[in-house]
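According to my numbering, the residues represented by the first sequence are 8 to 585, in order.
One or more of the hints may lead you astray.
Stated by the list, open to error - Taking lysine-lysine pairs in the DSS-like style, the calculated list, with each CA pair at most 25 Å apart, reads:
no., residue 1, residue 2
1, LYS117, LYS144
2, LYS242, LYS253
3, LYS387, LYS268
4, LYS109, LYS58
5, LYS198, LYS27
6, LYS58, LYS82
7, LYS529, LYS341
8, LYS109, LYS27
9, LYS242, LYS127
10, LYS387, LYS405
11, LYS405, LYS429
12, LYS531, LYS575
13, LYS109, LYS268
14, LYS214, LYS198
15, LYS341, LYS387
16, LYS236, LYS33
Said to hold, decoys possible - Each pair of labels, with its calculated beta carbon distance range:
no., residue 1, residue 2, range
17, ALA254, SER284, 32 to 38 Å
18, ALA503, TYR288, 19 to 25 Å
19, GLU102, LYS341, 35 to 41 Å
Think of the hints as simulated: they come from the structure by calculation, not from any bench. Yeah, the Cβ is synthetic: ideal placement off N, Cα and C, and Gly gets one too.
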Amino acid sequence: MNAAAVGDTLEEIAILLELKGENPFKIRAYTRAARALETLSEDLGTLVAEKRLEEVDGIGKAIAEKVTLLVTTGKLEYLDGLRGEFPAGIFELFELQGLGAKKIKLLYDKLGVDSVAKLKAVCEDGSAGQLPGLGEKSATNFLKAIVQREKCAGQFRLGDISALADGMLDDLRTLPEVDQVQVAGSHRRRKEVVGDLDFIVATRHPKEVSEYFVSHPLVDSILAQGATKSSVLLKNGIQCDLRVVKADEFPFALNYFTGSKEHNVKMRSLALERGWSLNEYRFSVAEGRPLREPLPEVQTEEDIYGSLGLAYVEPELREDRGEFAAAAEGTLPKLIELANLRGTFHCHTTASDGRATLDEMAEAALELGLQYLGIADHSKSSVQAHGLDEKRLLEQVKTIEEYNARDTGLRLFSGTECDIKKDGSLDFPEEVLSRLDYVVASVHSAFTLSETAMTERLIKAMSSPHVTMLGHLTGRLLLSREPYQVNIPAVIEAAAETGTLIEINASPYRLDMDWRWWPQAKEKGVRCVINPDAHSTRGFQDLVFGIGVARKGWLTREDVVNTLPLGKIEAVLAAKRH
DNA sequence: GCCGTTTTCGGCCCGACTGTTTTCAGTCG
Numbered sequence: 008m009n010a011a012a013v014g015d016t017l018e019e020i021a022i023l024l025e026l027k028g029e030n031p032f033k034i035r036a037y038t039r040a041a042r043a044l045e046t047l048s049e050d051l052g053t054l055v056a057e058k059r060l061e062e063v064d065g066i067g068k069a070i071a072e073k074v075t076l077l078v079t080t081g082k083l084e085y086l087d088g089l090r091g092e093f094p095a096g097i098f099e100l101f102e103l104q105g106l107g108a109k110k111i112k113l114l115y116d117k118l119g120v121d122s123v124a125k126l127k128a129v130c131e132d133g134s135a136g137q138l139p140g141l142g143e144k145s146a147t148n149f150l151k152a153i154v155q156r157e158k159c160a161g162q163f164r165l166g167d168i169s170a171l172a173d174g175m176l177d178d179l180r181t182l183p184e185v186d187q188v189q190v191a192g193s194h195r196r197r198k199e200v201v202g203d204l205d206f207i208v209a210t211r212h213p214k215e216v217s218e219y220f221v222s223h224p225l226v227d228s229i230l231a232q233g234a235t236k237s238s239v240l241l242k243n244g245i246q247c248d249l250r251v252v253k254a255d256e257f258p259f260a261l262n263y264f265t266g267s268k269e270h271n272v273k274m275r276s277l278a279l280e281r282g283w284s285l286n287e288y289r290f291s292v293a294e295g296r297p298l299r300e301p302l303p304e305v306q307t308e309e310d311i312y313g314s315l316g317l318a319y320v321e322p323e324l325r326e327d328r329g330e331f332a333a334a335a336e337g338t339l340p341k342l343i344e345l346a347n348l349r350g351t352f353h354c355h356t357t358a359s360d361g362r363a364t365l366d367e368m369a370e371a372a373l374e375l376g377l378q379y380l381g382i383a384d385h386s387k388s389s390v391q392a393h394g395l396d397e398k399r400l401l402e403q404v405k406t407i408e409e410y411n412a413r414d415t416g417l418r419l420f421s422g423t424e425c426d427i428k429k430d431g432s433l434d435f436p437e438e439v440l441s442r443l444d445y446v447v448a449s450v451h452s453a454f455t456l457s458e459t460a461m462t463e464r465l466i467k468a469m470s471s472p473h474v475t476m477l478g479h480l481t482g483r484l485l486l487s488r489e490p491y492q493v494n495i496p497a498v499i500e501a502a503a504e505t506g507t508l509i510e511i512n513a514s515p516y517r518l519d520m521d522w523r524w525w526p527q528a529k530e531k532g533v534r535c536v537i538n539p540d541a542h543s544t545r546g547f548q549d550l551v552f553g554i555g556v557a558r559k560g561w562l563t564r565e566d567v568v569n570t571l572p573l574g575k576i577e578a579v580l581a582a583k584r585h
């Protein structure tokens, strides 16, 4: 069993333990361990063989034993025992809003509910409403949740709801009653997919602001409305929460609702060490704890971190992945910003499947203030995308030479998004590739190879001196297509050895390579290139999402080659060929 | 079940809202 499968298994154990009503901290331990396995830098098999599992943060004796069994035998009696207590279908019930382990267990024990379909039946025939602790209203809400689940998956790509979030933000900002307003939550942390949008407002008129929010034209229905918190469902299916607080509470609320949950837990325990209790409103004296330091004065989020002995942690880093240690030591990186980009690669034109001509793409890049732009249309094997053959590609090279002769203030680089064929060979021969300024190598076919074969395929492609950068490493399409099986640490290793750049594909559908792997890549010495994969002039706007990934991956402008000015980028593109 | 610059045992973040209740459990973030 590989690391991903073991992680899934630990998650399953966590859910089963929750159903059993186990100690919540034990459940959390399994969830934490599962997460620790997500981006293991070492091969799990090696860790098991060398009995070094317990070195991993979050894995202790008991879980190490279970993981060892899973890796070596693929089986675990403990899990089989748990599975025997509940039917498999019960898992889908956890996807419903308002249904947790306790209610699911109640429904299962009393009425035999083990699927969404059965839940629907017992809600409609009235038997669910008869259970202790449940009533008519609960049954109605379960039915609503079932409808809602069918309507949308409950998750949204960041790029798809960003404009909506900005619009709502602007609307709230124009209210005279609103003193301050911000989007918090996973949107502020720039997570690739978000489940809801959180707005935090500072106001002296909470009632008016809440009233405005729940009656906003985009609202479909009101889920909850209280004195300080309102939740609504928008017409496009996304849930939006509003928190209204007083001005002096605003930094605390913003911090708390930005999360992540794991980050918050750590923040609060750091406060407790000083004898303070931290909530979404303020610091207060913690009961039953010695007060080690007087309560601090707080005006801003920076002050909250400062009073805990930490440097300010940018929202993108708040995932409890080492930011606390770095903030305490003062070694947090200065994160890259959109304004640092000087150019970009991997753009398409009407020559393949783009919607804008080469001149239109160049014009758009100039308007953005870029110094250079790389054109990388598809290669001939991508027939579906009207990929270029050798002849058309070399014609495009000539066109780009002519463009550069016009001296517009933008330097174009000629490249290709060259298909990596099933066996790892490239779609163009060396003599053609050598005529280009750079090459993006990507997989667009045979997604279902084994992990070993896919990994070898990518590594073989990277071994070519002409492959400048690896495009969308895993081929995933967020919320629609799973990544193909590939050993990412091995690919990172090969990129470091061969001096191949790895792309952050900034398309909101891809955001690939994922932010979770970048700290490891950076440590190995791999350099990053942020590319929009633009198929139209509007596609350049996606660069901001790529920047979000880079920031979440702890990258600085030095880690990303397309922050380099024109005078220095050519040497980077040519480096592998020398 | 994990973890330790107070601890190898006893902690482990904290509050809002809902629904079913007369004081609170469950869920969510």
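Holds or violated: LYS341 to LYS387, with C-alpha atoms at most 25 Å apart: 41 Å, violated
Hint consistency between LYS387 and LYS268 [alpha-carbon to alpha-carbon, up to 25 Å]: Given that 25 Å is the threshold and the Cα spacing comes to 47 Å, the pair is violated.
CB-CB spacing for SER284 and ALA254 relative to the 32 to 38 Å hint: About 21 Å separates the Cβ atoms of ALA254 and SER284, which means 32 to 38 Å is violated.
Satisfaction of hint between LYS33 and LYS236, Cα-Cα up to 25 Å: The hint is violated at about 31 Å.
Agreement of LYS242 and LYS127 with the hint, judged by alpha carbon distance not exceeding 25 Å: Holds, because 24 Å separates the two Cα atoms, which is no more than 25 Å.
Given hint LYS268 paired with LYS109 - CA-CA distance at most 25 Å: With Cα atoms ~21 Å apart, LYS109 and LYS268 stay inside 25 Å; holds.
Agreement of LYS58 and LYS82 with the hint, judged by alpha carbon distance not exceeding 25 Å: 18 Å, holds
Distance restraint between LYS242 and LYS253, which requires alpha-carbon spacing of 25 Å or less: Distance of about 29 Å is beyond 25 Å: violated.
Hint consistency between LYS405 and LYS429 [alpha-carbon to alpha-carbon, up to 25 Å]: Since the Cα atoms of LYS405 and LYS429 sit roughly 30 Å apart, the hinted pair is violated (cutoff 25 Å).
Restraint status (C-alpha distance of LYS529 to LYS341 at most 25 Å): 14 Å, holds
Pair hint LYS109 and LYS27, alpha-carbon separation not exceeding 25 Å: Given that 25 Å is the threshold and the Cα spacing comes to 9 Å, the pair holds.
Hint check for TYR288 and ALA503 - Cβ pair distance inside 19 to 25 Å: Once the Cβ atoms are compared, 47 Å apart, the range 19 to 25 Å for TYR288 and ALA503 is violated.
Checked against the numbered hints listed earlier, the structure breaks hints 2, 3, 4, 5, 11, 14, 15, 16, 17, 18; every other hint is satisfied.
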